[in-house]
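Number of protein chains: 2
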Amino acid sequence: MKHFIGVELGVTNIVAGIVDKYGRMIRKDSAPTLKDRPYEEIIRDMAELIKRVLHDENVDIRSVRYIGVGCPGIPDIAAGTIVRNYTLNFINTPIREELQKYYDLPVFVENSANCAALAESVAGAAEDIEFSVTIKVGNGIGSGVIINNKIYSGFNFAGAEIGHMVIAMGGEPCTCGRKGCWEAYASATALINHARTVVKNNPDSLIYQMVEGDLSKITVTAIFEAAREGDNTCMDITHEYLKYLGEGIVNIANILMPEVIIISGEISKQGEYLLKPLREILCERIYSKDIRQPELKTAELGSAAIVIGAAMLGLYRETGTIG
Amino acid sequence: MKHFIGVELGVTNIVAGIVDKYGRMIRKDSAPTLKDRPYEEIIRDMAELIKRVLHDENVDIRSVRYIGVGCPGIPDIAAGTIVRNYTLNFINTPIREELQKYYDLPVFVENSANCAALAESVAGAAEDIEFSVTIKVGNGIGSGVIINNKIYSGFNFAGAEIGHMVIAMGGEPCTCGRKGCWEAYASATALINHARTVVKNNPDSLIYQMVEGDLSKITVTAIFEAAREGDNTCMDITHEYLKYLGEGIVNIANILMPEVIIISGEISKQGEYLLKPLREILCERIYSKDIRQPELKTAELGSAAIVIGAAMLGLYRETGTIG
Numbered sequence: 006m007k008h009f010i011g012v013e014l015g016v017t018n019i020v021a022g023i024v025d026k027y028g029r030m031i032r033k034d035s036a037p038t039l040k041d042r043p044y045e046e047i048i049r050d051m052a053e054l055i056k057r058v059l060h061d062e063n064v065d066i067r068s069v070r071y072i073g074v075g076c077p078g079i080p081d082i083a084a085g086t087i088v089r090n091y092t093l094n095f096i097n098t099p100i101r102e103e104l105q106k107y108y109d110l111p112v113f114v115e116n117s118a119n120c121a122a123l124a125e126s127v128a129g130a131a132e133d134i135e136f137s138v139t140i141k142v143g144n145g146i147g148s149g150v151i152i153n154n155k156i157y158s159g160f161n162f163a164g165a166e167i168g169h170m171v172i173a174m175g176g177e178p179c180t181c182g183r184k185g186c187w188e189a190y191a192s193a194t195a196l197i198n199h200a201r202t203v204v205k206n207n208p209d210s211l212i213y214q215m216v217e218g219d220l221s222k223i224t225v226t227a228i229f230e231a232a233r234e235g236d237n238t239c240m241d242i243t244h245e246y247l248k249y250l251g252e253g254i255v256n257i258a259n260i261l262m263p264e265v266i267i268i269s270g271e272i273s274k275q276g277e278y279l280l281k282p283l284r285e286i287l288c289e290r291i292y293s294k295d296i297r298q299p300e301l302k303t304a305e306l307g308s309a310a311i312v313i314g315a316a317m318l319g320l321y322r323e324t325g326t327i328g
Numbered sequence: 006m007k008h009f010i011g012v013e014l015g016v017t018n019i020v021a022g023i024v025d026k027y028g029r030m031i032r033k034d035s036a037p038t039l040k041d042r043p044y045e046e047i048i049r050d051m052a053e054l055i056k057r058v059l060h061d062e063n064v065d066i067r068s069v070r071y072i073g074v075g076c077p078g079i080p081d082i083a084a085g086t087i088v089r090n091y092t093l094n095f096i097n098t099p100i101r102e103e104l105q106k107y108y109d110l111p112v113f114v115e116n117s118a119n120c121a122a123l124a125e126s127v128a129g130a131a132e133d134i135e136f137s138v139t140i141k142v143g144n145g146i147g148s149g150v151i152i153n154n155k156i157y158s159g160f161n162f163a164g165a166e167i168g169h170m171v172i173a174m175g176g177e178p179c180t181c182g183r184k185g186c187w188e189a190y191a192s193a194t195a196l197i198n199h200a201r202t203v204v205k206n207n208p209d210s211l212i213y214q215m216v217e218g219d220l221s222k223i224t225v226t227a228i229f230e231a232a233r234e235g236d237n238t239c240m241d242i243t244h245e246y247l248k249y250l251g252e253g254i255v256n257i258a259n260i261l262m263p264e265v266i267i268i269s270g271e272i273s274k275q276g277e278y279l280l281k282p283l284r285e286i287l288c289e290r291i292y293s294k295d296i297r298q299p300e301l302k303t304a305e306l307g308s309a310a311i312v313i314g315a316a317m318l319g320l321y322r323e324t325g326t327i328g
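Those protein sequences? They're chains X and Z, same order as listed.
The first sequence maps to residues 6 to 328 in the working numbering.
The second sequence maps to residues 6 to 328 in the working numbering.
So that you can see chain X by itself, here it is in the shape it has in the complex (with noise of 0.2 Å):
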């Protein structure tokens, strides 16, 4: 039997695992990224965590067809670099000819968000779907787009930048120098400092018991938990994030129209409870009515997806297709 390794690279931790040919995990394990080292040791860190794993499960590293590292940043899928990532200061960093020191082996490159997608395509919330969209609600929004079963980021690999929107022209500053992006309202980060200048005025909320009065304990998760039990504060603060999520969604529907729209991230563990209003201004707004409309669900691999799909990559590139 062969098994495939995939590597998320992220900027915190680097999460390795060993993936079976449907898409499923058997086993992983993570280590620390320490981002401001050189990459040479990273990528042999890297190289030791996917020696461990493969140990622990006792695999031989005869059975590994493939390897396949999922990283944030532009990568230039040929040459298996990452052309640009200002988080881990990579500037064409080749991640497979660094890693081919350790393995013998095909290694393949791929910006983690299209991962993702990936994963939830071949094993996730878009099986068997051609045209979808994960969008990840983080501390940024990150996006996957997959169009005709392959993965699209544009001519230069560096499209699908859903989350730099802008929907209010004028508005917030977002990190990227403009204003009014759909990140800068929508992502997880949003939510969380505006829940905490609300709640902050509000000492009787249930949320600020919940947190008991500390504002940096304020979850994506302790928002919604405290709506749903019917805090007044927080149902106020989840109706108006959710019009700013709805908003980049509507848009995205009209864009791309994708026949599925996968929110992942910790926010996709709300499931209906997110989903239907979600649908109600999906499909009140969206520019052509009266037929099938794309359909919004949430991410079903979790924190494993990157991982997933970064140990798919190589079957994936063998045909070029999805499936």
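Treat the hints as calculated values from the structure; they're not laboratory data.
Keep in mind that a hint or two might mislead.
One copy or any two copies: either way a pair holds, since identical chains are not told apart in the list.
[Said to hold, decoys possible] With a Cα cut of at most 30 Å, we get these calculated DSS-like pairs of lysine-lysine:
#1 Lys248 <-> Lys184
#2 Lys40 <-> Lys294
#3 Lys40 <-> Lys56
#4 Lys274 <-> Lys56
#5 Lys106 <-> Lys7
#6 Lys222 <-> Lys248
#7 Lys106 <-> Lys222
#8 Lys222 <-> Lys184
#9 Lys26 <-> Lys248
#10 Lys294 <-> Lys155
#11 Lys106 <-> Lys184
#12 Lys7 <-> Lys205
#13 Lys205 <-> Lys281
#14 Lys56 <-> Lys106
Chain X is fixed; fit chain Z onto it per the hints.
Showing chain Z alone in chain X's frame:
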């Protein structure tokens, strides 16, 4: 030698043209649509118009290989129908079936914005380009998206409605029912309406003199001409307008990241005077800097684009790819 017939079924006029296999227009002619008639009458006149243009060019119908029809609305490519178009009041209207009552030839149906994008890809500003977006600045903002040398309009053929991307939440009301859509700010209609309001209060402006105080005579071309002549009123109007047009273009670049973005419609006559400031906005605000950027161009085929694209539909559908 083989000929191809393209038809633009517009809200005001029907245009039929004879096109060669390189996408060059040989001859065209038009007739009024008189849109409030039964579709059978409209298509009867379309058939008549085709007959006339063939006769006038002395082309035998036996030398025609395909007929293509570009029409506003959502097409069903397989069925050769228009599923929905509110302006023409088409619901599952069988364009192919009806036209084949007059011509025993393969008939193809496609959305007109997609035809225009196809034409620019075959014989215009996006020749030999795999990824392009053609933006039509007119009454609204329409678009045709080419991905991997294929027309892309979503899983249900109703996507690529980039004019209905909200850029200013809660802003100007749009015909689609949302508020703040790009087309409510950046269409030719939006520009002209804004100019009329401003010019009314500026009787000393050059444009006021150009139209002899008749605000209904203000056109996109007149506004830009006055701005080029140094009219402060129109310079302010175009400056403001280009901010809105540019904001949407940056969004499209961040999301779709096409190699070429084409601007069509009357405004495209402004050439570099239009493109230069838009390039500056794009370059300054695009998310991924320091790499190759999308190129901004004006359309090359002008008002012939839809007819040419419609004529090319058959060759495109033969292989499922452009070129």
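Q | Hint check, failures only | A | 4, 7, 9, 11 and 12
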